[in-house]
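Line order of the protein sequences matches chains A, B and C. Per UniProt numbering, the very first residue in the first sequence carries number 1; after that it's consecutive. Per UniProt numbering, the very first residue in the second sequence carries number 1; after that it's consecutive. Per UniProt numbering, the very first residue in the third sequence carries number 1; after that it's consecutive.
It should be emphasised that the hints constitute simulated quantities derived from the structure, not laboratory data. Where a beta carbon is used, it is the ideal one built from N, C-alpha and C, also for glycine. All clues stand as given, with none of them false.
Partner residues aside, some chain B positions facing chain C, computed with beta carbon under 7 Å: (1) ARG27; (2) VAL30; (3) PRO31; (4) VAL34; (5) MET35; (6) ALA38; (7) SER146; (8) ALA152; (9) SER155; (10) SER168; (11) ASN171; (12) PHE284; (13) GLY289.
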Amino acid sequence: MAGPSVTEPEPERADDAVISTRGLTKRYRGGQLAVDGLDLTVPAGSVFGFLGPNGSGKTTTIRMLMGLIGPTAGSARVLGRPMPHAARTVLPRVGALIEGPALYGFLSGRDNLLRYDEADPTADPRTRRERVAAALDRVGLAAAAGKKAKAYSLGMKQRLGLAAALLQPRRLLVLDEPTNGLDPQGMREIRTLVRELASDGTTVFLSSHLLDEIEQVCTHAAVMARGRLIIQGAVADLSAGARGRLVVTTPDAGEAARVLKEQGAGDVVIAEDRVTAEPPDRDPAEVNAALVAAGVRVRGFALERASLEDAFVALTGEGFDVAG
Amino acid sequence: MAPIDSDDNTTAGAGEEPGGGRSRAARYVVPVAVMGLAAATIGLVPALADSGDPDLPKVTAEELVQKIAESDVQQLSGTVRISTDLGLPDLGGLESGMMSGMAGGPGGGGKDGGSSADPSAKLTELASGSHTLRVAADGPDRQKVSLLEDAAEYSLIHDGKDVWGYDSKSNEVYHSTQEGGERPEKDVPATPKDFADQALKAIDDTTSVKVAGTAQVAGRDAYRLVVEPRQKGSTVGAVTVAVDAETGTPLKFTLTPASGGAAVVDAGFTKVSFAKPDASTFDFAPPKGAKVTEADEKAAKAPEPGRKAEGDLAKELDGLKVIGEGWNSIAAFDTGGQGLPTGAEAGGDLGGFLGSLGDQVKGDFGSGTVFKTRLVNALITEDGKVYAGAVTKDALVKAADAAK
Amino acid sequence: MSRAEPETAGSGTPEAARTPNPLWSLGLLRGELLITFRRWRTLALLGVLAAVPVLVGIAVKIETGDGPSGGGGEGPAFISQISNNGLFLVFTALAATLPFFLPMAVGVVAGDAIAGESSAGTLRYLLVAPAGRTRLLLTKYAAVMAFCLAATLVVAVSALAVGALLFPLGDLTTISGTRIGYAEGLGRALLIALVVAASLVGFAALGLFVSTLTGSGIGAMATTVGLLITVQILDQIPQLDALQPYFFSHYWLSFADLMREPVYWDDLVRNLGLQALYAAVFGSAAWARFTAKDITA
Chain A
1 MAGPSVTEPE PERADDAVIS TRGLTKRYRG GQLAVDGLDL TVPAGSVFGF LGPNGSGKTT
61 TIRMLMGLIG PTAGSARVLG RPMPHAARTV LPRVGALIEG PALYGFLSGR DNLLRYDEAD
121 PTADPRTRRE RVAAALDRVG LAAAAGKKAK AYSLGMKQRL GLAAALLQPR RLLVLDEPTN
181 GLDPQGMREI RTLVRELASD GTTVFLSSHL LDEIEQVCTH AAVMARGRLI IQGAVADLSA
241 GARGRLVVTT PDAGEAARVL KEQGAGDVVI AEDRVTAEPP DRDPAEVNAA LVAAGVRVRG
301 FALERASLED AFVALTGEGF DVAG
Chain B
1 MAPIDSDDNT TAGAGEEPGG GRSRAARYVV PVAVMGLAAA TIGLVPALAD SGDPDLPKVT
61 AEELVQKIAE SDVQQLSGTV RISTDLGLPD LGGLESGMMS GMAGGPGGGG KDGGSSADPS
121 AKLTELASGS HTLRVAADGP DRQKVSLLED AAEYSLIHDG KDVWGYDSKS NEVYHSTQEG
181 GERPEKDVPA TPKDFADQAL KAIDDTTSVK VAGTAQVAGR DAYRLVVEPR QKGSTVGAVT
241 VAVDAETGTP LKFTLTPASG GAAVVDAGFT KVSFAKPDAS TFDFAPPKGA KVTEADEKAA
301 KAPEPGRKAE GDLAKELDGL KVIGEGWNSI AAFDTGGQGL PTGAEAGGDL GGFLGSLGDQ
361 VKGDFGSGTV FKTRLVNALI TEDGKVYAGA VTKDALVKAA DAAK
Chain C
1 MSRAEPETAG SGTPEAARTP NPLWSLGLLR GELLITFRRW RTLALLGVLA AVPVLVGIAV
61 KIETGDGPSG GGGEGPAFIS QISNNGLFLV FTALAATLPF FLPMAVGVVA GDAIAGESSA
121 GTLRYLLVAP AGRTRLLLTK YAAVMAFCLA ATLVVAVSAL AVGALLFPLG DLTTISGTRI
181 GYAEGLGRAL LIALVVAASL VGFAALGLFV STLTGSGIGA MATTVGLLIT VQILDQIPQL
241 DALQPYFFSH YWLSFADLMR EPVYWDDLVR NLGLQALYAA VFGSAAWARF TAKDITA
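Whole structure, please, built from the sequences with the hints as guidance.
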């Protein structure tokens with residue numbers, strides 16, 4: 001497999017892997033390869049960011065993990081049990097929000113949750129109403145519980161979907177684009193909720209196409225593009241893997257670029273009064289001194305820390321919103 | 001962790017969740033198996049239920065005919081299935097005319113005339129397709145024949161001196177009172193016995209009769225009596241009558257044409273019981289609101305528009321004469337100068353339909369058209385004479401020539 | 001699959017104490033029934049069905065306003081009897097709705113059963129709940145059968161009420177010409193309603209199968225109702241009479257045989273057998289399809 005995949009296929013599943021897949025592949029009937037040989041390991045207790053542009057195979061992967069789609073090849077284990085084979089024992093301990101919420105518009109928010117809870121044969125009907133009320137409360141929908149779901153805003157629907165995932169104590173939460181359609185306030189609330197859940201020991205598997213979302217809440221991340229896993233690991237390690245960039249702000253951009261190249265900087269890019277480059281292997285102070293010595297009027301000189309996006313661009317060589 | 005579970009490799013299949021291609025296809029084995037099982041059941045159960053021909057003491061044809069004649073079954077009830085396949089779809093009135101002409105010809109006279117229009121109209125329906133009847137009899141005074149229709153039923157009930165006809169579809173009642181021993185259910189040859197009686201009447205030197213093994217009919221052991229015409233020229237191939245070994249009651253009547261193929265008439269009990277029917281079977285009181293027609297009024301009234309053609313034909317048949325004897329009897333009558341029946345006369349699209357089916361023939365009598373069915377052929381001459389019978393085309397032409 | 005699976009991961013496992021009770025499975029059926037009968041569409045269908053006997057009753061009342069008479073034998077079965085006994089409106093209404101209205105309503109509900117959830121996206125949440133595919137399918141079929149019964153009873157009860165209001169009641173005459181008491185007549189009406197409901201079971205299974213084939217609720221409903229119309233037309237074509245005994249609708253009107261005296265069971269048994277066969281074939285086909293299907297909506 002091409003690309004700097006961090007993990008090799010592991011023969012044994014670590015005790016703490018909540019999700020582990022080996023060679024997971026899905027080819028749709030049209031011949032389209034949606035997921036290609038995925039080897040994914042999600043450690044227990046992590047908040048795992050699953051990144052990739054739209055169409056990169058994230059949702060197909062999640063559907064395979066949830067037993068909605070059968071893999072063409074390879075295997076997947078969730079909570080240590082094979083999927084989709086063990087769906088009936090695994091899924092009651094997994095809460096999921098897949099591709100946005102889906103609700104019965106003619107039912108109230110509360111009745112929607114009752115309906116989903118009834119579908120779980122392991123859910124005790126005696127505690128159903130309390131659990132539904134608690135879930136509604138947790139996502140801040142207690143006041144709107146009696147309203148018909150079709151009258152809900154997109155954000156409220158998203159919260160209701162989240163509440164459905166929280167009807168039971170879960171060991172794993174799979175949240176596919178959970179902040180879609182939410183305003184910034186709502187996004188913050190969701191992130192807080194995710195952190196709360198994670199601190200309770202629940203593993204959260206969070207898919208998103210928003211990098212900063214992943215950076216803010218995730219401990220681990222994996223990046224997919226065109227059906228393949230590009231990289232996975234702890235967020236800190238991933239960012240560290242990509243080098244930061246030297247940014248010089250100056251009215252003398254052309255001269256600055258020349259000097260930077262002289263100093264051994266690569267990939268020099270000029271954008272108006274900003275010149276960015278890969279920092280050379282020497283003390284930045286010397287680089288700055290060389291610039292000043294060459295008569296470049298330096299307004300700003302900084303070394304910007306690498307973001308996950310930089311890591312991603314470095315790995316794929318393309319922008320993030322390109323559909324695979 | 002513990003050793004790898006054996007289910008590790010089962011990425012697909014064994015569970016109830018989606019899997020790989022092979023196991024997906026394998027699931028369809030279930031509906032296919034169900035269908036195969038059903039097909040096998042439909043095909044095999046009748047075969048299994050048919051426990052083979054029963055082993056009965058040998059009898060001669062004469063003894064069997066004697067047994068039928070002596071049979072004195074007073075009480076029976078059962079279900080009769082009649083299938084008629086004359087080789088033409090739904091001939092309506094004309095066909096019924098031919099049928100009663102044939103059936104009544106050798107036996108003598110259409111005694112029903114116009115007075116029991118309702119029962120004869122029902123007879124018309126029997127003349128094509130498949131029908132289910134229920135019959136019940138308790139002695140000579142109490143009989144009931146019901147023609148089961150879709151969500152309706154036509155019942156003819158003879159109880160003492162009352163004869164009731166009840167058509168549930170229109171909620172109409174026909175009533176007549178009988179004098180003497182006339183048995184109204186004879187108007188409708190419903191039971192295999194009625195058919196068999198007609199066939200046995202024809203037994204004379206023109207006929208060969210033999211016993212051809214045994215059969216099971218309606219769960220009873222029966223002898224098979226085969227009656228075949230000796231004369232040439234008949235379209236009748238053979239008549240097979242299954243006779244109940246115990247009571248001598250004919251249980252099944254099958255008429256196969258000389259031309260081969262499926263039976264033209266197949267009438268047999270599918271269920272039969274020789275126990276006394278429930279007395280309430282023969283109770284009848286006109287339901288509230290039903291239109292009751294007394295036999296006398298009915299006779300006086302003009303036939304209903306819808307049945308005009310049949311009525312006309314019935315009247316015409318009154319004037320028929322019979323040429324020949326035995327199997328080769330030919331009914332002849334004069335329609336009164338008109339040639340081919342027009343559409344209006346014969347009822348709807350029948351006329352045009354007939355015209356396209358006829359064969360033109362010529363002979364000493366002039367020329368005419370022969371209409372063929374699998375059993376009955378009819379020659380309609382240009383001058384409006386009609387010759388009909390269960391005989392071949394040549395026999396009809398010969399008869400027409402002779403009549404000239 | 002038992003719950004005996006040992007907990008392997010170390011984190012807090014409050015859910016380990018969950019011991020499912022087999023009866024809890026019925027919660028899904030209860031919810032399914034609620035959902036089916038709370039839908040505006042279901043209520044509209046039932047309303048239309050309830051209106052048919054009212055229209056038939058009023059039409060017969062107007063027609064026979066100038067005194068009861070035997071009709072001409074035209075129109076739906078038993079119609080000529082209604083003016084004499086209101087109970088016959090039950091039979092007429094069932095005979096009038098069985099060829100199309102009743103199965104159409106059933107086709108809409110059955111066709112929508114899986115496909116509707118699929119197009120609304122709720123199917124994926126039911127399955128990850130996890131409802132279990134076989135269990136969900138069985139629940140759906142049970143709910144559709146409950147709808148068959150409810151729809152039939154709506155027609156029958158509406159007809160009974162309208163018949164009692166507009167026409168005299170009392171002893172009635174079977175189509176064999178014998179008389180039975182009103183109580184027995186009511187009993188037969190109930191039996192007929194049950195047989196009519198059972199007559200729809202095979203078609204319901206067909207609708208459910210169609211429903212598993214597509215992700216579009218409307219498409220499944222249209223296909224199911226289209227199949228109904230096609231089969232009803234083919235059942236009228238004489239050249240196909242060798243096939244017709246295997247059409248699910250072929251023996252539908254045999255319920256009228258319950259009004260014969262004695263009851264003629266042959267076609268009734270054939271009808272119920274045929275329905276069972278359709279239910280088995282298309283039920284298992286739906287199972288084969290649904291349990292192996294990729295849920296991508």
